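Fit chain B to the given chain A structure using the hints.
So the sequence lines, in the order shown, correspond to chains A and B. Here the first sequence stands for residues 1 to 312, where the numbers follow the working numbering. Here the second sequence stands for residues 313 to 624, where the numbers follow the working numbering.
Everything labelled a hint here was simulated from the structure, so no lab data went into it. A hint or two may mislead.
[Unchecked claim] In silico lysine-lysine, DSS-like type, Cα no more than 25 Å apart, as pairs:
hint: 1; chain 1: A; residue 1: K161; chain 2: A; residue 2: K193
hint: 2; chain 1: A; residue 1: K280; chain 2: A; residue 2: K62
hint: 3; chain 1: B; residue 1: K592; chain 2: A; residue 2: K193
hint: 4; chain 1: B; residue 1: K374; chain 2: B; residue 2: K592
hint: 5; chain 1: B; residue 1: K473; chain 2: B; residue 2: K427
hint: 6; chain 1: B; residue 1: K505; chain 2: A; residue 2: K280
[Unchecked claim] Now the stretches of chain A that chain B is said to cover, found in silico as 3 or more residues with beta-carbon under 8 Å:
hint: 7; segment: 259 to 270
hint: 8; segment: 282 to 296
hint: 9; segment: 299 to 311
[Claimed, not checked] Quick look at which bits of chain A chain B covers, simulated, 3 or more residues with Cβ under 8 Å:
hint: 10; segment: 181 to 195
hint: 11; segment: 204 to 215
hint: 12; segment: 219 to 229
These numbers were taken from a predicted model, which means no experiment stands behind them. All C-beta atoms, glycine included, are put in the ideal place defined by N, C-alpha and C.
2 protein chains.
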Amino acid sequence: MHAKSTHRSLLVVGSVALDDIDGPFGLHRDLLGGSASFIARAAAYFTRDVAVVGVVGDDFPKQHLDDLSAVGVDVTGVEHAPGETFHWVGRYSDDLSSRETLDTRLGVFASFQPKVAPRHREASLVFLGNIDPVLQLDVLEQTHGPLLVAADTMNFWIGGKRAELLRTLARVNTLLVNDEEARQLAEEHNLRKAAARILTMGPSSVVIKRGDAGALLFTGEGVFGVPALPLSDVRDPTGAGDSFAGGFMGYLAYAGDLAPDTIRTAMITGSVMASFAVEKFSVDGLRGLTTAAIQERFDAFSELTRFGSVRL
Amino acid sequence: MHAKSTHRSLLVVGSVALDDIDGPFGLHRDLLGGSASFIARAAAYFTRDVAVVGVVGDDFPKQHLDDLSAVGVDVTGVEHAPGETFHWVGRYSDDLSSRETLDTRLGVFASFQPKVAPRHREASLVFLGNIDPVLQLDVLEQTHGPLLVAADTMNFWIGGKRAELLRTLARVNTLLVNDEEARQLAEEHNLRKAAARILTMGPSSVVIKRGDAGALLFTGEGVFGVPALPLSDVRDPTGAGDSFAGGFMGYLAYAGDLAPDTIRTAMITGSVMASFAVEKFSVDGLRGLTTAAIQERFDAFSELTRFGSVRL
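Extracted from the complex, chain A is given alone in its bound form (with noise of 0.2 Å):
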């Protein structure tokens, strides 16, 4: 793919984290976890220009950040700060479709100030990972006019943090949130309505990640929906909705566009990531994809979706 990219830059800022996973598949430790780890990841294959600002701490792995660079993402903006890396602690139920947090360790997260550096300041297409909205805000501030700004947040932000959240929101295009959480931020259960007042707020585009029933995308044109791909095996749901962003972004990146269509086409990219991120543990799902299984995944959510046209 890097071949027809046009190499627009994708930089990312959000959590480089250790996770404690439990569920039926057994007790995994330090699995390497956070969203930009699988943000990063996932868009690394459909661009060769992309950064990540993050921070970790003395107990981090060093090799986690070698295979980041070996797939060709810019670890030179991950910090490296005394202290714990941090760390999430969940087990999962029998059947994954829900899972509890036992622990969350910010460690050297909690004071987590993101520097964007010089050479990742004219990033063109920028993430704001799940952090606080002062720290989001802070970033846009430190960038230089990014075609595109997308966005994650999370309840902790949208009940604690209203204001400077909607603040954040102003300058944002694109947020990607889950169901629960377009809600809350709309103080509206309907999607259709919570989406649309949600367009009032300064995004263009919401994307709605609905686990195993999907993803939607709201712009001012109209509503877009992909059904996720049933999979016989899944192993891990943690970060789904972040692989989903980084094939999101990581198509747009590639496309170097932002055309209405070009978009549909990253909902399909960001869905197809997830697929595969859901079937290892940690990031290992998209570990080693060749361009061929990843088209193969894609061809296989148009096969999902097909229908004709009907003249009743």
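Just chain B now, with coordinates in the frame of chain A:
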């Protein structure tokens, strides 16, 4: 649509009920409900040869049957028995995302013994609504080699009459269930694996109705998925799955073949009719639709799911 119809006949066996429904739009009493009511009304838009076998009690307003007759449904197979009509009382949560059954009075439905009149025994398509699987099989014994037998079932029969249900399923071509029913029947949480298991029980296709997550079709040839159309105004989800079944069966009767692509199209017409049904109470959302309105919503599903192929 009737002009092009091949007029394959559809026989629907199921409940005809009166519902009391409470929720965010207030309490509505004595609404027409029951699976056969929704299925027949939805199907009647696609083929004029729809007959219902069911039972009602002394309290059943004649107007409801007259209304069905007026849209071409043959209600001569609806038996009148002394006693109360099947009555369901339910309450939806404020956001319509869940409901609880407050009361179920089976009334005359408790001793329902479906009798298929000679004029209905040659039906091309038979839909076995959610009744005792022993009765479903008995209905099949009364018919003469229909081209397609479709059936619904529910947790009560899956748990309580599993052996009988499996005997019936052996003669069913298409099973239409929701995701929990599919999981319970297959004893498998993963939907893809659950569908694969059900496909070994007799049916050559399994339709999984997932409410606002859309619907999936599994066959030996693969999987087809359609998202639900996000709607601004949902007033009453009752009968959505049955309206889907009606649009699905009606289109198959209309199209006159059971080719894989025809079944995919039927998944869309099913989704179309479900989307109309939930916008109003009872069968009101299915009343008075023009061919143009149905076509417009079909086209909305085309637009909802449209994306181009790419060569990565």
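Outcome of the hint check:
no.: 1; hint: A:K161 to A:K193; result: holds, 22 Å
no.: 2; hint: A:K280 to A:K62; result: holds, 21 Å
no.: 3; hint: B:K592 to A:K193; result: holds, 18 Å
no.: 4; hint: B:K374 to B:K592; result: holds, 21 Å
no.: 5; hint: B:K473 to B:K427; result: holds, 21 Å
no.: 6; hint: B:K505 to A:K280; result: holds, 18 Å
no.: 7; hint: 259 to 270; result: holds (count 5)
no.: 8; hint: 282 to 296; result: holds (count 3)
no.: 9; hint: 299 to 311; result: holds (count 11)
no.: 10; hint: 181 to 195; result: holds (count 6)
no.: 11; hint: 204 to 215; result: holds (count 4)
no.: 12; hint: 219 to 229; result: holds (count 8)
Consistency note: the structure conflicts with none of the earlier hints.
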